[in-house]
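2 protein chains.
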Amino acid sequence: MSKFAVMAIKLYGHPLSAPVQSVMFCLEEKALQYEFVHIDLPTGQHKKEPFLSISPFGKVPALQDGDLKLFESRAITRYLAHNYADKGTPLMPSDPKKMALVSVWMEVESNIFEDTISKLSYGHQEKLGKILEVYEARLAESKYLGGEEFSLADLHHLPVINYLSGTLFDGKPNMSAWYAAMLARPAWQKVVERMKHSTKK
Amino acid sequence: MSKFAVMAIKLYGHPLSAPVQSVMFCLEEKALQYEFVHIDLPTGQHKKEPFLSISPFGKVPALQDGDLKLFESRAITRYLAHNYADKGTPLMPSDPKKMALVSVWMEVESNIFEDTISKLSYGHQEKLGKILEVYEARLAESKYLGGEEFSLADLHHLPVINYLSGTLFDGKPNMSAWYAAMLARPAWQKVVERMKHSTKK
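Residue numbers (numbering that gives the first Met the number 0), protein chains in the order written: chain C, 0 to 200; chain V, 0 to 200.
Hints are not guaranteed to be accurate.
Because identical chains share one entry, a pair is satisfied inside a single copy or across any pair of copies.
[Unchecked claim] In silico DSS-like cross-links for lysine-lysine, where the CA-CA straight-line distance does not exceed 25 Å: (1) 86 with 96; (2) 58 with 97; (3) 9 with 58; (4) 142 with 68; (5) 58 with 118; (6) 86 with 97; (7) 68 with 96; (8) 46 with 129; (9) 9 with 96; (10) 68 with 97; (11) 97 with 142; (12) 68 with 47.
Note that these hints are calculated values from the structure, not bench results.
Only chain C is shown next, with the shape it has when bound in the complex (with noise of 0.2 Å):
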């Protein structure tokens, strides 16, 4: 098999978005080679051609592997825990209420989570002070968030949660703890070793 063929995922995006963090995450995780595309993203390179045959919405990440095309971060960390299940790090559980344990903190992480961090500028500590709360019971009752194994649920997190300050988590010692996890993980540093090298060109 040539060496082309062993680098058919390009991963499409800039290191300093979150969702393409997750992506990269997830290809650390799942010991994946690839190729990172750097996506120009002051310059506007995502909103032309050739960029929107991938992505037709102008958005980072894109994936592309063989002839599989696929945009939104959470779509395709999905695709690539389910087409390589057996590489790396197992990230969605093959049992059906396992796998939809993972699937209610994927959207929590989606639609509460991450929804509350972007306005956080808008006065949303508060809400953000209870969610984290609910959170916290979480923890206490599973591991991580997804159940009893790190899972997509954990992963998606990660990025968002660099954007904030590291006191976020104080008096809460299963968030502490599951954080701390998250952080030591070979794969997350890898995610953030890009991210330095990006920040200094």
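Take the given structure of chain C and dock chain V to it, following the hints.
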């Protein structure tokens, strides 16, 4: 088997909530019997116990299937599609690449379509117009949003579209044909019946 066993699925919500309608639509497509537990939103029943023990953020819908408690509509419909794959209409392909495209268009509904429609009163009409152009192009490529078959990607759009004017798709033949096909689905008509019944109360 007792009659109780076949009524093991409970859907908690209000029939006029769009995400609740998505789950009803899904349950009807899957030909699953279920008990509808009315949660009275005007009196804040969703923000109190015992509902909070099923849906800790106090949001409808929630679903109980045996001892499994789920919330977030898209997580619930994914669960129903996977766990009852052999019942009623197949709503999620098993092939990972086909499944990925359904996920892409579920994410588009959540993060782009529904998000823009919920902000229409803030002058997002132009943005919606551009979004619908991408949809029209998508439906030139494939019969349904997620691929050649009806899927969760289509299903989640309908309750949101239902809020809008019927002229939304004027001049968009692919979207008009798709919308007509959606409205004609017997499962959707059952949801509409339940909504009418609720309005009369």
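How the hints compare with the structure:
1. 86 with 96: both (22 Å within a copy, 17 Å between copies)
2. 58 with 97: between (31 Å within a copy, 21 Å between copies)
3. 9 with 58: within (15 Å within a copy, 38 Å between copies)
4. 142 with 68: between (34 Å within a copy, 18 Å between copies)
5. 58 with 118: Cα proximity of residue 58 and residue 118: in one copy and across copies (20 Å, 19 Å).
6. 86 with 97: both (19 Å within a copy, 20 Å between copies)
7. 68 with 96: So residue 68 and residue 96 pass the 25 Å test across copies only (10 Å; inside, 29 Å).
8. 46 with 129: Cα proximity of residue 46 and residue 129: across copies only (12 Å, versus 37 Å in one copy).
9. 9 with 96: Between. Shortest inter-copy distance 16 Å satisfies the 25 Å Cα cut-off; intra-copy 32 Å does not.
10. 68 with 97: between (28 Å within a copy, 11 Å between copies)
11. 97 with 142: Within. Shortest intra-copy distance 14 Å satisfies the 25 Å Cα cut-off; inter-copy 32 Å does not.
12. 68 with 47: within (16 Å within a copy, 44 Å between copies)
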